[in-house]
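Engineer: Those protein sequence lines, which keep their order, are chains A and B.
For what it's worth, the numbering used here labels the leading residue of the first sequence as 1, then goes sequentially.
For what it's worth, the numbering used here labels the leading residue of the second sequence as 1001, then goes sequentially.
The set of hints was computed from the structure by calculation and includes no laboratory data.
Don't take every hint at face value.
Only some residues are given here: those of chain B computed to face chain A with a beta carbon under 8 Å [claimed, not checked]:
1) GLN1101
2) GLY1105
3) VAL1112
Every beta carbon over 12 Å from chain A, so not counted as near; a handful from chain B, in silico [to be verified]:
4) PRO1010
5) ALA1017
6) THR1062
7) SER1082
In silico BS3-like pairs for lysine-lysine, Cα to Cα no more than 25 Å straight-line [stated by the list, open to error]:
8) A/LYS101 <-> B/LYS1067
9) A/LYS57 <-> B/LYS1002
10) B/LYS1109 <-> A/LYS101
11) B/LYS1067 <-> A/LYS9
12) B/LYS1002 <-> A/LYS9
13) B/LYS1106 <-> A/LYS71
14) A/LYS57 <-> B/LYS1056
15) A/LYS71 <-> B/LYS1002
Heads up, the beta-carbon is just placed ideally off N, CA and C, and yes, glycines get one too.
Listed below are the residues making up each chain.
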Amino acid sequence: NAGVTQTPKFQVLKTGQSMTLQCAQDMNHNSMYWYRQDPGMGLRLIYYSASEGTTDKGEVPNGYNVSRLNKREFSLRLESAAPSQTSVYFCASSEAPGLVKQYFGPGTRLTVT
Amino acid sequence: QKEVEQNSGPLSVPEGAIASLNCTYSDQGSQSFFWYRQYSGKSPELIMFIYSNGDKEDGRFTAQLNKASQYVSLLIRDSQPSDSATYLCAVNPYSGAGSYQLTFGKGTKLSVIP
């Protein structure tokens, strides 16, 4: 039981390049989330998927797109990376949306130069 | 703007002492409250959650909630050097369908001195 997995662990991009961050969970959770964590800013929600087939914007969605590929997988895409997107990205999942616990993946450290 | 405030620290306590971490939140309708521990370079790990006013104990950890004062705290008894980490307070702003977002505080860094 791996929980929440993310790939890659580290990535360096040049400004304007695109990439997709992958996330998968094996806990049969319905809801999945993408956060970014920046020094002094805390964790901020980018997008979430309350259930398979639905996605919604969080606090900081600009510059990102997401796909809920199936119940297990939720990907985050940067179409044209900018230095402001340098951050640590965490994927999380929960059994259901709302009043329940979220479990986090190990994170992806992204640097955009 | 819903806010969750924490003292950034660092909070230094001697080994064996009680560490007290505090969090205030702005949304009076908030329904559920979580404490996450994050070691440097690692992901957040849920350690406590509380929904009702009062205290909730789990081993060395006690979460305290006072909705009237919009205040939640985490007490760590018999603090150990392995408790040294950043502690994140997270608040779910309201109940019902659509309450999908947790608002996180910026975290309090705890250092337990041997």
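Engineer: For every hint, state whether the structure bears it out.
Structural biologist: Hint-by-hint comparison with the structure:
no.	hint	in the structure
1	GLN1101	5 Å, holds
2	GLY1105	6 Å, holds
3	VAL1112	22 Å, violated
4	PRO1010	14 Å, holds
5	ALA1017	27 Å, holds
6	THR1062	18 Å, holds
7	SER1082	19 Å, holds
8	A/LYS101 <-> B/LYS1067	20 Å, holds
9	A/LYS57 <-> B/LYS1002	16 Å, holds
10	B/LYS1109 <-> A/LYS101	22 Å, holds
11	B/LYS1067 <-> A/LYS9	39 Å, violated
12	B/LYS1002 <-> A/LYS9	31 Å, violated
13	B/LYS1106 <-> A/LYS71	30 Å, violated
14	A/LYS57 <-> B/LYS1056	33 Å, violated
15	A/LYS71 <-> B/LYS1002	30 Å, violated
In this structure, the hints that do not hold are numbers 3, 11, 12, 13, 14, 15, in rising order.
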